[in-house]
Amino acid sequence: MSENDTAGTREPAGTAVRAKKHISRKPITVARVISDVLLTGAVFIALFLVWQLWWTDVVAWQHQAAIMEDLGWPTVSEEIATPETGDPPVLPEFPEGEVWGTFHVPRWGADNATPLAAGVDRVRILDALGVGHYPGTAMPGEVGNFSVAAHRTTFGRPFHFIHELEVGDPVIVRTEEYWYVYRVTHWEIVYPWQVEVVSPIPGYAPGEDMPEPTERLGSMTSCHPMYSARQRWITFLEFDYWARAADGIPREMAEGQGATP
Amino acid sequence: MYAALWRALPGPAAVKALILLALFAAALWVCVEWVFPWLANYMPFNDSTVHG
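Chain order of the listed sequences is A and W. In terms of my numbering, the first sequence has 18 at position 18, counting the first letter as 1, and numbering is strictly consecutive. Take any residue in the second sequence, note its place counting from 1, add 261, and you have its number in my numbering.
If you are wondering where the hints come from, they were derived from the structure by calculation, not from laboratory data. These figures come from a predicted structure and were not determined experimentally. Where is the CB? At the ideal position from N, CA and C, for every residue including glycine. Hints should not be assumed to be uniformly reliable.
Unchecked claim - Label-pair distances were calculated between CB atoms; the ranges are:
1. LEU282/W <-> ASP70/A: 54 to 62 Å
2. VAL291/W <-> PRO225/A: 48 to 56 Å
3. ALA288/W <-> PRO211/A: 19 to 27 Å
4. TYR303/W <-> GLU215/A: 46 to 54 Å
5. PHE285/W <-> ARG230/A: 33 to 41 Å
6. LEU281/W <-> GLU177/A: 56 to 64 Å
7. ASP70/A <-> ALA287/W: 45 to 53 Å
8. PRO225/A <-> ALA287/W: 34 to 42 Å
9. GLU78/A <-> ALA278/W: 55 to 63 Å
What the hints assert, rightly or not - Partner residues are not named here, just some residues of chain W that face chain A (Cβ under 8 Å, in silico):
10. LEU281
11. LEU284
12. ASP308
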């Protein structure tokens, strides 16, 4: 690495060095420029992949953990909350971007928890906050279809393991005061334009003649196959019961696992 | 390109290497801050919603 200075500014140390200098002083050839450009491109792509497939997760997890702490909700006791059978309390919809709930899937770990925000804008909500609630769809516990979206890969990937959910698995939403426990009924792989999966009665396209909804349902949407946007994985839910956060935690979160009622 | 850059930088090899490291860090910062998030819009696996 001594071939740095221009010829003559330094005492030549010997013919060997001079020969080396001569070689490195070759004019910039087209091939050399092309090879430098290609190498730069390769490094750029590699760095982008590291950023996209790993770093966005690290940032999102940190950010989501901070959001959970900033909620400032009263901590719940470890008691099992009594399941309530009456009509669930339905909150009004929140302005876009507001984190108004937390999303829990005990199948993914007893302490699985992701912020739940209003809206499904990719950059503002799904990249930055966690799980997004489709505007205009039912709120938790409401008659209709409580629909949410989240990343399956990258940006914290809250729904990375959506394919591991089994029929009957609890999916739980918490607001400041209430728990809403849903259960998985089935899943489907659809195309991105099949918006009927988030309609109040799944299967009815917008504008289609639809009977008055009577059931309290839910939909989780994520991309499919992983690392592709060709299709969407939809897991359908059915409302089971609600409980008060002041009473403790739902039984399903204490058990921390799967389908046991 | 890089050979020319190396020759254009002042100082001994260690100083050159340090300058290059700083340049690389600056380029990386620009990428992470602006270029990568923009590029992510065009990645096929980042879209998880259904829409008309």
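Cross-check of the supplied hints:
1. The given range of 54 to 62 Å is broken by LEU282/W and ASP70/A, whose C-beta atoms sit roughly 36 Å from each other.
2. Distance hint check: the CB atoms of VAL291/W and PRO225/A are about 32 Å apart, inconsistent with the given range 48 to 56 Å.
3. The beta-carbon spacing between ALA288/W and PRO211/A, approximately 59 Å, falls outside the hinted interval of 19 to 27 Å.
4. Separation of TYR303/W from GLU215/A is about 39 Å and departs from the stated range, judged on CB atoms against 46 to 54 Å.
5. For the pair PHE285/W and ARG230/A, the supplied restraint of 33 to 41 Å holds, since their beta-carbon distance comes to about 36 Å.
6. Under the hint 56 to 64 Å, the C-beta atoms of LEU281/W and GLU177/A, about 57 Å apart, fit the expected range.
7. In this structure the supplied range 45 to 53 Å is violated for ASP70/A paired with ALA287/W, their Cβ-Cβ distance being about 32 Å.
8. The supplied range of 34 to 42 Å is met by PRO225/A and ALA287/W, whose beta-carbon atoms lie about 37 Å from each other.
9. Distance hint check: the CB atoms of GLU78/A and ALA278/W are about 56 Å apart, consistent with the given range 55 to 63 Å.
10. For LEU281/W, the interface hint is violated, since its Cβ never comes within 8 Å of a Cβ in chain A; the closest pair sits about 12 Å apart.
11. Below 8 Å, beta-carbon pairs count as interface contacts, and LEU284/W has none with chain A, the closest being about 12 Å; its hint is therefore violated.
12. With 8 Å as the threshold, the beta carbon of ASP308/W comes within range of chain A, its nearest partner Cβ sitting at about 4 Å, so the hint holds.
Checked against the numbered hints above, the structure violates hints 1, 2, 3, 4, 7, 10 and 11; every other hint is satisfied.
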